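In the order they appear, the protein sequences are chains H and W.
For the first sequence, the working numbering assigns the number 36 to the initial residue and increments by one for each residue that follows.
For the second sequence, the working numbering assigns the number 6 to the initial residue and increments by one for each residue that follows.
By construction, these hints were calculated from the structure, which means they are not laboratory data.
Here the structure is a predicted model, which means the values were calculated and not measured.
Where is the CB? At the ideal position from N, CA and C, for every residue including glycine.
Some hints here could point you the wrong way.
[Claimed, not checked] Capping the alpha-carbon separation at 20 Å, the derived lysine to any residue pairs in SDA-like fashion look like this: (1) 101/W to 620/H; (2) 101/W to 642/H; (3) 69/W to 648/H; (4) 12/W to 307/H; (5) 69/W to 642/H; (6) 101/W to 67/W; (7) 12/W to 620/H.
[Stated by the list, open to error] Per the computed footprint, the stretches of chain H lying under chain W, defined by three or more beta-carbons under 8 Å from a beta-carbon of chain W, are: (8) 375 to 386; (9) 538 to 552; (10) 622 to 628; (11) 637 to 650.
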Amino acid sequence: MVSLVGEVGRFALLAGLVVALYGIAATTLGLTRRHGGYLASGRRAVAVWALLMALASAALWTAFLSRDFSVRFVAMASESTQPLLQTIMAFWGGHDGALLLWALILAGYTVMAVWSLRSHPDLQGPATATLLVVAVFFSVLLAGASNPFVPLVPPPPDGQGLNPLLRNPWMSVHPPMLYLGFVGMSVPFALAVAALITGRLDNTWVVLSRRWIVVPWIFLTLGLLLGAKWSYVVLGWGGYWAWDPVENAALMPWLTATAFLHSIQIQERRGMLAAWNVALILLTFGLTVFGTFLVRSGVLSSVHAFAEAPLIGYLFLGFLSALLLASFGLLAWRWEALRSRGAVESVISRETAFLANNLLFIAAAVVVLLGTMFPVLTEAFRGVKINVGPPYFNTVMVPISIGMLLLMGIGPLMPWRQATPEQLARNFTLPSAAAVLGALVLGLLGVRHTSALLVFAAALFVLGTITLEMVRGTRVRINRGESAPLALARLFSRNRRRYGGYAVHFGVLLMLVGIAASSAFDTQDGATLHPGERFSVGRYTLEYGGLRHSELPGIDVTEASVRVWAGARFLGSYSPQRYFYRAQEQPMHHVAIRSSLREDLYLILSEWTPEGRGTIRVLVHPLVSWLWAGGIVAALGAAFAVLPERRRRTP
Amino acid sequence: MIPARRKLLVGAVIIVAGLAFAAYHGARSSMVYYLTTTEFALRPELRAARVRIAGRVVEGSVAKADGESRFAITDGTTRFNVRFRGPLPDLFAEGKDVLVEGRLDGDGILRASQVISTHPVEYKEKHPER
Numbered sequence: 036m037v038s039l040v041g042e043v044g045r046f047a048l049l050a051g052l053v054v055a056l057y058g059i060a061a062t063t064l065g066l067t068r069r070h071g072g073y074l075a076s077g078r079r080a081v082a083v084w085a086l087l088m089a090l091a092s093a094a095l096w097t098a099f100l101s102r103d104f105s106v107r108f109v110a111m112a113s114e115s116t117q118p119l120l121q122t123i124m125a126f127w128g129g130h131d132g133a134l135l136l137w138a139l140i141l142a143g144y145t146v147m148a149v150w151s152l153r154s155h156p157d158l159q160g161p162a163t164a165t166l167l168v169v170a171v172f173f174s175v176l177l178a179g180a181s182n183p184f185v186p187l188v189p190p191p192p193d194g195q196g197l198n199p200l201l202r203n204p205w206m207s208v209h210p211p212m213l214y215l216g217f218v219g220m221s222v223p224f225a226l227a228v229a230a231l232i233t234g235r236l237d238n239t240w241v242v243l244s245r246r247w248i249v250v251p252w253i254f255l256t257l258g259l260l261l262g263a264k265w266s267y268v269v270l271g272w273g274g275y276w277a278w279d280p281v282e283n284a285a286l287m288p289w290l291t292a293t294a295f296l297h298s299i300q301i302q303e304r305r306g307m308l309a310a311w312n313v314a315l316i317l318l319t320f321g322l323t324v325f326g327t328f329l330v331r332s333g334v335l336s337s338v339h340a341f342a343e344a345p346l347i348g349y350l351f352l353g354f355l356s357a358l359l360l361a362s363f364g365l366l367a368w369r370w371e372a373l374r375s376r377g378a379v380e381s382v383i384s385r386e387t388a389f390l391a392n393n394l395l396f397i398a399a400a401v402v403v404l405l406g407t408m409f410p411v412l413t414e415a416f417r418g419v420k421i422n423v424g425p426p427y428f429n430t431v432m433v434p435i436s437i438g439m440l441l442l443m444g445i446g447p448l449m450p451w452r453q454a455t456p457e458q459l460a461r462n463f464t465l466p467s468a469a470a471v472l473g474a475l476v477l478g479l480l481g482v483r484h485t486s487a488l489l490v491f492a493a494a495l496f497v498l499g500t501i502t503l504e505m506v507r508g509t510r511v512r513i514n515r516g517e518s519a520p521l522a523l524a525r526l527f528s529r530n531r532r533r534y535g536g537y538a539v540h541f542g543v544l545l546m547l548v549g550i551a552a553s554s555a556f557d558t559q560d561g562a563t564l565h566p567g568e569r570f571s572v573g574r575y576t577l578e579y580g581g582l583r584h585s586e587l588p589g590i591d592v593t594e595a596s597v598r599v600w601a602g603a604r605f606l607g608s609y610s611p612q613r614y615f616y617r618a619q620e621q622p623m624h625h626v627a628i629r630s631s632l633r634e635d636l637y638l639i640l641s642e643w644t645p646e647g648r649g650t651i652r653v654l655v656h657p658l659v660s661w662l663w664a665g666g667i668v669a670a671l672g673a674a675f676a677v678l679p680e681r682r683r684r685t686p
Numbered sequence: 006m007i008p009a010r011r012k013l014l015v016g017a018v019i020i021v022a023g024l025a026f027a028a029y030h031g032a033r034s035s036m037v038y039y040l041t042t043t044e045f046a047l048r049p050e051l052r053a054a055r056v057r058i059a060g061r062v063v064e065g066s067v068a069k070a071d072g073e074s075r076f077a078i079t080d081g082t083t084r085f086n087v088r089f090r091g092p093l094p095d096l097f098a099e100g101k102d103v104l105v106e107g108r109l110d111g112d113g114i115l116r117a118s119q120v121i122s123t124h125p126v127e128y129k130e131k132h133p134e135r
């Protein structure tokens, strides 16, 4: 039996490869012969390629919804009893489908980018060709080694089912978000390459790429956050970040993209760092490809993975090397044209703050890269795989984060070129006083953890600078006769980029405070109890009420009931659960979390005996909710910053 | 007067050197050799080092007493006995793949400080969706 949707999908992917190759040829011809007809044909190829990727995706979804197990990928990632939402997200529940999602998102971005560049015809052609090269790479993978439409003969009566770890609502949105972030970085990359090819290295590409990078930056931030949330609620260890290679793969391009968002401001204002900005964006895109390679090739996931590294690993390495060689080659070729026109005039200036910020972001990316690649490096040079654990990352990332936090306060209030002592005193006396005072109060209250204390103090400093700025701006408007609320609202809406930026900083400081508090002051404990027994953790008293067993389709559920008091106040009953997925023979935690602004109480049912004794593990994490809240504030702030500013009406 | 450029360079060098020093210390304190059971057996010089050993839990080897778990792991050729105090991970079971982190003690038993489940082959990646 041949599956019709499978054939349609395979055709679409193969045709996609042909069309993308044609598009590159047509665009190149159009560029070299300055022929508008070929260029237009290349643009049409982009549209057709995008339609073919949409067709392939539609075919895969149809196969999932019709439970067509003659398609191997469908049989691997779904089963008959699976609920609708899980069947829909099974699309990216495995390697091949995830790559198709990559291509689908790339198609969307490419069409939008090519369309929006119609007002910059000189950049449009080279950018189109660059995006098509990326399209060809993914089309090659999808038409060949990672084809999601490989048939399965004979088709099994039922599928294997989605990995239970992925059957979670956070997981349904996390991969698309992350991919929207990853793939989106290819547009600014294409703009940079187009600028290098055409030699149009003025600020045009920088201004254009700013918006094109903020949007994927928002998605990447949300993707990282959702991944952390998933880890927190699903893996049942109470943490949200483990410096796992997969997490690091997503963090590295975020770090370089954030550096880029800051350093382009120096180029826009002072004409400096043009070459550096090109390098940063090439690097960011390279890291997204590298990250996909890390995750997809399995290089790091198990001992000896290199020996069994599949073809796709080498394809990725080849693509990545060609890409970096070609783009950095272009950069070297244009080096003279990118020479800086401005120079740093004084160490005490906003330029310095931005340079320090870039230094820290790059240092962070290098630290993460080295730590992630450590086993591969030691195996290459010493023949033994050596891992470095979280302590390596933490000892370096804690000072880097504190430095970044301080710069978030210093940078925006530092004048360009050179700051006078009066300006420094005017801008930083109050925030510094707030930081010192806050640290003293916290110290008196018994906070003894040095790095946490430094984070809190730095956060207060940043909060002080943001508040100071807002108060001053509002006051100026009030003096012009506006009412206070109107003045504040207009201050924001008339300076979206600046105040959006402050909102992002505020969100990041909330996140860093949440991270510092929850990692420095967490408590954990556990007890094995008979029904009716009690035990205490910190200010909480817990009473174990026994177990209840039940069944869901394909899943055995064991549920403990735990009544919780804080002092004498009854907080409610909580039910940490354990799911056992029969088909996969895999147990899963369903933790119970009581979340408040102050702290999270995190309950895990870890073991039980047939007689009904249960082992409950309890974690108390202060300020975890600040992390999630801060991430949302940062994403909203960034969105606000790229909203088009309303044109001022002429009076 | 020293030009701004040189001051910046000195500052950058100091920051980078400080971070490199921190990285070196962090790496030294958290370095773990990552081996299969056979590789570990073939490298006597690593006997005293902190190691992370990959293997499969031997069928019928798991025993629990007084909060301590005992089991054996193998890669098919070489076998090590393991002792571990603390809660075993979710996916831990006989016949499943695990990583055991710890040190070898005098009587040739691995004292594990951590037992980590790895997913079976078809779910090799920790987050296969990415």
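Right, here's what the structure says about each hint:
no.: 1; hint: 101/W to 620/H; result: holds (11 Å)
no.: 2; hint: 101/W to 642/H; result: holds (18 Å)
no.: 3; hint: 69/W to 648/H; result: holds (16 Å)
no.: 4; hint: 12/W to 307/H; result: holds (18 Å)
no.: 5; hint: 69/W to 642/H; result: holds (13 Å)
no.: 6; hint: 101/W to 67/W; result: holds (12 Å)
no.: 7; hint: 12/W to 620/H; result: violated (62 Å)
no.: 8; hint: 375 to 386; result: holds (count 5)
no.: 9; hint: 538 to 552; result: violated (count 0)
no.: 10; hint: 622 to 628; result: holds (count 3)
no.: 11; hint: 637 to 650; result: holds (count 3)
When each numbered hint is compared with the structure, violations occur for hints 7, 9.
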